[in-house]
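**Student:** Sequence:
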Amino acid sequence: MAFHSSLVFFSIIVLISLSWNLVTARQHLEKENEYAENSKYFPMLMPDVRPMQPETYLCTAFRMPRYEHEFIVEYLPNATKQTAHHILIYGCQIPGYYERDTPRAVWDCGEMTFANNHLDDDDDDDQSIDPSEREFFPRGPVCKGQSQIVYSWAMDAPALKLPKGVGFKVGYGSDINYLVLQVHYAHVHRFRNGDTDHSGITLRMLPQETQQIDKLAGVLLLATGGVIQPHSLDYFDSACQMRENIIIHPFAFRTHTHKLGKVVTGYRIDRNNRWQLIGKGNPQLPQMFYPIHETISIHPGDMVVARCTMYNNQSHPVQIGSTGDDEMCNFYIMYYVERMDHNLKKKICFTAGPPNFYWDNVFRVSKQITEETNKFP
Numbered sequence: 013m014a015f016h017s018s019l020v021f022f023s024i025i026v027l028i029s030l031s032w033n034l035v036t037a038r039q040h041l042e043k044e045n046e047y048a049e050n051s052k053y054f055p056m057l058m059p060d061v062r063p064m065q066p067e068t069y070l071c072t073a074f075r076m077p078r079y080e081h082e083f084i085v086e087y088l089p090n091a092t093k094q095t096a097h098h099i100l101i102y103g104c105q106i107p108g109y110y111e112r113d114t115p116r117a118v119w120d121c122g123e124m125t126f127a128n129n130h131l132d133d134d135d136d137d138d139q140s141i142d143p144s145e146r147e148f149f150p151r152g153p154v155c156k157g158q159s160q161i162v163y164s165w166a167m168d169a170p171a172l173k174l175p176k177g178v179g180f181k182v183g184y185g186s187d188i189n190y191l192v193l194q195v196h197y198a199h200v201h202r203f204r205n206g207d208t209d210h211s212g213i214t215l216r217m218l219p220q221e222t223q224q225i226d227k228l229a230g231v232l233l234l235a236t237g238g239v240i241q242p243h244s245l246d247y248f249d250s251a252c253q254m255r256e257n258i259i260i261h262p263f264a265f266r267t268h269t270h271k272l273g274k275v276v277t278g279y280r281i282d283r284n285n286r287w288q289l290i291g292k293g294n295p296q297l298p299q300m301f302y303p304i305h306e307t308i309s310i311h312p313g314d315m316v317v318a319r320c321t322m323y324n325n326q327s328h329p330v331q332i333g334s335t336g337d338d339e340m341c342n343f344y345i346m347y348y349v350e351r352m353d354h355n356l357k358k359k360i361c362f363t364a365g366p367p368n369f370y371w372d373n374v375f376r377v378s379k380q381i382t383e384e385t386n387k388f389p
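Numbering-wise, my numbering puts 261 at position 249 of the sequence shown, and it's gapless, one number per residue.
For the record, the hints were derived by calculation from the structure and aren't laboratory data.
Heads up, a few of these hints could be off.
[Stated by the list, open to error] Restraint ranges, calculated between C-beta atoms of paired labels, are given here: (1) Thr382 - Asp60: 43 to 51 Å; (2) Tyr110 - Lys271: 29 to 37 Å; (3) Asp372 - Pro77: 43 to 51 Å; (4) Phe54 - Pro298: 20 to 28 Å.
We put the CB at the ideal spot given by N, CA and C, even for glycine.
Please build the complete structure, drawing on both the sequences and the hints.
**Tutor:** And the structure:
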């Protein structure tokens with residue numbers, strides 16, 4: 013009798029466990045297929061290009077819908093760090109280059125050369141190239157006129173899915189008529205043997221008639237100019253006051269430097285000079301958009317600031333620039349607004365950087381903040 017009772021009890025436990033696992037699996041499947049019924053995938057890939065010179069930036073444009081709008085809800089990378097140094101997606105009204113009847117035109121949209129004496133010892137990118145083997149690309153800017161960054165990728169970062177109800181609006185009724193894919197090819201070893209590349213990002217998108225989007229997404233970029241002297245530690249600081257009559261809610265951040273960056277930190281400073289950490293990252297780790305777990309609202313009149321702590325152990329100065337031999341100091345804030353008409357009109361906060369600009373030029377920085385920006389995350 014006792015054995016029979018134990019068997020019944022064990023059977024009940026097994027049934028409860030199976031039921032719970034089925035519920036959990038169903039919830040996971042529903043989450044994964046949240047947009048399955050009406051979403052589509054839109055590949056933004058390079059059309060088998062063959063860059064032959066190191067530090068090549070290539071762009072190709074994709075037309076967004078003319079008579080309706082759509083919402084981007086997820087970014088799925090199709091790239092590796094062995095091929096692409098980084099990838100950016102820009103929103104443009106007009107792309108920087110256009111060829112009639114050539115939908116996948118590719119153009120050079122950045123610096124293509126840098127000092128060969130700074131190449132790695134094992135780098136054979138400076139090998140002489142037969143001019144007949146070069147693939148020449150027309151030159152042009154990323155966008156004609158205003159541009160905005162809607163996504164960035166580097167160092168094998170994984171896919172990015174936006175929070176529920178949040179989407180990037182593109183196409184009709186937005187200020188994004190085209191999306192431009194920019195791929196930075198720092199090294200071109202693999203293309204010597206005739207290989208081509210189709211790196212890029214696949215977008216998951218929802219149609220205009222969706223009822224699942226009630227918040228608009230945007231990206232605010234904090235960046236600097238400047239130069240760091242040899243064998244020195246220095247701060248690349250940016251700071252801007254929010255002047256638009258709009259409240260933004262950050263939900264992800266991304267840091268980006270080249271080799272000299274140690275720590276990148278971003279803050280919100282309210283009108284009472286209270287500092288609130290937005291995000292802090294080691295730029296030598298995968299440069300993905302990391303989630304912001306704390307609730308943050310940035311109001312008109314607040315300051316947004318960022319600092320890249322860098323150390324130059326080389327025997328020559330290094331300046332901010334577009335090649336891998338230069339440096340960059342970027343802090344991206346991905347945010348949403350609880351409205352469907354528009355997000356921030358100002359997309360970039362830029363300051364001059366060292367030796368011409370530091371936070372101390374604008375406000376007093378406490379010892380605690382300075383120590384925090386020096387510590388690895």
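**Student:** That 43 to 51 Å hint for threonine 382 and aspartate 60 (C-beta), does it hold up?
**Tutor:** holds, 49 Å
**Student:** Is 43 to 51 Å respected by the C-beta to C-beta distance linking aspartate 372 and proline 77?
**Tutor:** holds, 48 Å
**Student:** Just to be sure I understand the hint, the distance between the Cβ atoms of phenylalanine 54 and proline 298 should be within 20 to 28 Å; is that true here?
**Tutor:** holds, 24 Å
**Student:** Using the Cβ atoms, figure out if tyrosine 110 sits within 29 to 37 Å of lysine 271.
**Tutor:** holds, 35 Å
No hint from the list above goes unmet by this structure.
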